[in-house]
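Following the hints, put chain B in place on chain A, whose structure we already have.
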Amino acid sequence: MQVPLSRRVATTLTSQADRFGILLVVKVSQKQSEVVLAVVLGLALSLSAEGQRASAQTPVTPQTASQTPQAAPPRLPTQTPPASPLVPLREAPSVGLNIVVLDPAHGGADLGARGTEGIRESEVLLQFAAQTRRALEAQGFQVLQTREGNENPSFDDRSARANAQRGAVFISLHIASTGLAGTARTYVMPDTPVVHDASGLIPWDQAQAPFVTLSHKLGDMVQAELAKRFKGSPPTAQVAPIRQLRTTAAPAIAVEISSVSVENRAELDRMVPGVAEAIAHGVAAFRPSYVVPVMPGTPLVTQP
Amino acid sequence: MNATWRVWLAGGLLAAVIGAALYFPALRRQVDKAKTLTEKTAEQARRELLPPVPVTSGEPRVKAKMFWGSSNGDGTLVPVTLDLPLSSEPSLRAKEILNTLLAGPVDPEARTLPPDAALLAFYILPNGIAVADFSEALANSTPSGIQSEELAIDSITRTLEANVPQVQRLKILIHGQEVDTLAGHVDLTQTFQVNMNGAGTTAPSRSGVSVLTAPIQNPIDKVEGATKRP
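Protein sequence lines correspond, in order, to chains A and B. The opening residue of the first sequence carries number 1 in the working numbering; numbering runs sequentially from there. The opening residue of the second sequence carries number 1 in the working numbering; numbering runs sequentially from there.
It is possible that some hints are incorrect.
No farther apart than 20 Å at their CA atoms in a straight line, the calculated lysine to aspartate or glutamate pairs in the EDC-like style are these [as the list claims (entries may be wrong)]:
| no. | chain 1 | residue 1 | chain 2 | residue 2 |
| --- | --- | --- | --- | --- |
| 1 | A | K228 | A | E267 |
| 2 | A | K231 | B | D74 |
| 3 | A | K231 | A | D220 |
| 4 | A | K228 | B | D74 |
| 5 | A | K217 | A | E277 |
| 6 | B | K65 | B | D107 |
Simulated from the structure, these hints should not be mistaken for laboratory data. Model, not experiment: these values are computed from the prediction.
Chain B on its own, in the form it takes in the complex:
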């Protein structure tokens, strides 16, 4: 191999390296973009499968108090008041409120529930116990930990407390089934206190946290459709 060929070969290799250096980052950006698009599409598909959120545009707009996390991440909840067209029917109103809570605040850092979680069903029993059935994403995507799980549950119960006084206690199901814990810590086998005697007030606990397990006077196992996951 003479010197000319060596020069051509070296030049070719150099061109290949430069080309790769330019191409691979662009390729990576395209892959990341496609991944994000796929996730969005999956989330969109999941939401499309869910029952449509009732349209309540005819309802009067009222001030609704939502409890999202504080933006400094100290594990506390901050009330945010929104003008929402809410139904006067308690179950429908609770669905609208919880869907707004799931949609999240303007600041994504203040979210208390995973963005891909969805409310599958909500109904209120005659004895004041409400049943909220969430998609599996609530259990799978809530960060594991006592504080994060407590914050998620507390945001649900306090938001319901502030807006739906008919709900006295809340049972949370995951995809129609009772589960042991939300993400390994907070107990979901019992009900959470929302309103005392349906009066719209919650007795403050020692720490000011409104989530309290209620005595098992009405086992949720008796609720139709609620089965304990094996």
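Pulled out of the complex, with its shape left as it was, chain A reads as follows:
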């Protein structure tokens, strides 16, 4: 029986993922007959070099080698095993949080929520994103945006921006149609069981599942900062099944501000600095909690 091309590609990429310690997310179509792969390289080259250095310093223990026999270094008649690109990265140093992907929702023909005073969510969000970016950069984070102008990437394209990184968090920005004016809420996905396919990869449609606990922690930290600045906001993050977060393989939250229904846009403009500062402080507080495992497919760990 001939192995389908998509499966062979997946196998090849999986071995490369093991080699480089990168995250692989697989998207399975409805018919299950085609496997569309979104290979996310992230910091592949730097991690590979880092892994080689680490393996030279810390030899792989027999126990580790037995756990991953396919990736064990070749046996050579030398006392010290030489650095090899096939050495698993299990012993390599972990990668910490250093990238924030900001997602101003909507854009293009999708204006998002619209207020009676002509306020358009998609436009105002660019202003929120710009200031939040500056606040995050001041905290030492590298910031990427899913859109910087009036375009409208798909849900999957936005998620892919975060899934392509290692050590990133994803923050989707929204302005509500409803709610008490001057309040802000953070949302996280509900708990869902982690599912792996036969190859051990995370299905694209449930990419958020392994990250939900971390997302809750990040959400609570950001919401605590928002609640300090915006009276009437809830003290902790809310839970909601948000489509944008479901396919994001990183700690992911959505921040929603109320609302486009204000009589004057200046009311929203006044919230911009506080929201930006709250997000930056919340993510900075979350930074020590986030340690990315170096082996793909292993669950993330949270430092005590």
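Leaving out everything else, chain B in the frame of chain A:
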């Protein structure tokens, strides 16, 4: 042109301006009235096309708990108890309950679902998953936003939870098809938890919100008549 004609001309123009000032506001009121009437007629026509709501006047009146929004607009739900003649058959009972929810509370500000939305079909599968098929107005007229969409879904699931214990999970379709989101945010590709093990209780989530996506153990794509919108 002599002075007399000028006076007559000026007087005529003045009369025309006064007439216009009186006529145009009245005309505008008539146009607005006609527009409202047209909208009502369209809504009435839409409802007439729908299957009639089962008459259950013979059923005993029971206390039904409906979840509508709080009138202060803070995005929370408030239970309201009504005396309704409800069927004992679960699917029929769920239809009656959801139609009452769609009809809305006395205070229009407390609505959670658009006034022009309608329930097209409702059935319960043997495994406890219910399928509710709503008209396109539910997706088109629900205000875009996480809070407003979550409130709409939460009002449906919590009302079903309180009144139809046989429903364990709920799948929402729009005009017979699966859609990605309700209005751009809340995910409709998965099922929502209603009752845990059909016992009529829902495990509280961290925020107290009862809407939870369930594991995809029974893909709704297998349900007859449910097709994913391209």
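Q. Does B:D107 lie within 20 Å of B:K65 when you go C-alpha to C-alpha?
A. Between B:K65 and B:D107 the Cα gap is close to 16 Å, so the pair holds against 20 Å.
Q. Do the alpha carbons of A:K228 and A:E267 lie within 20 Å of each other, as the hint requires?
A. Holds: A:K228 and A:E267 sit about 18 Å apart, inside 20 Å.
Q | Pair hint outcome, A:K231 versus B:D74 [Cα-Cα no greater than 20 Å] | A | 12 Å, holds
Q. For the pair supplied as a hint, A:K231 and A:D220, is the alpha-carbon distance within the 20 Å limit?
A. 16 Å, holds
Q) Under the criterion that the straight-line Cα-Cα distance not exceed 20 Å, is the pair A:K228, B:D74 satisfied? A) 18 Å, holds
(Q) Would the hint linking A:K217 and A:E277 be met if the CA-CA limit is 20 Å? (A) 18 Å, holds
The structure agrees with every numbered hint stated previously.
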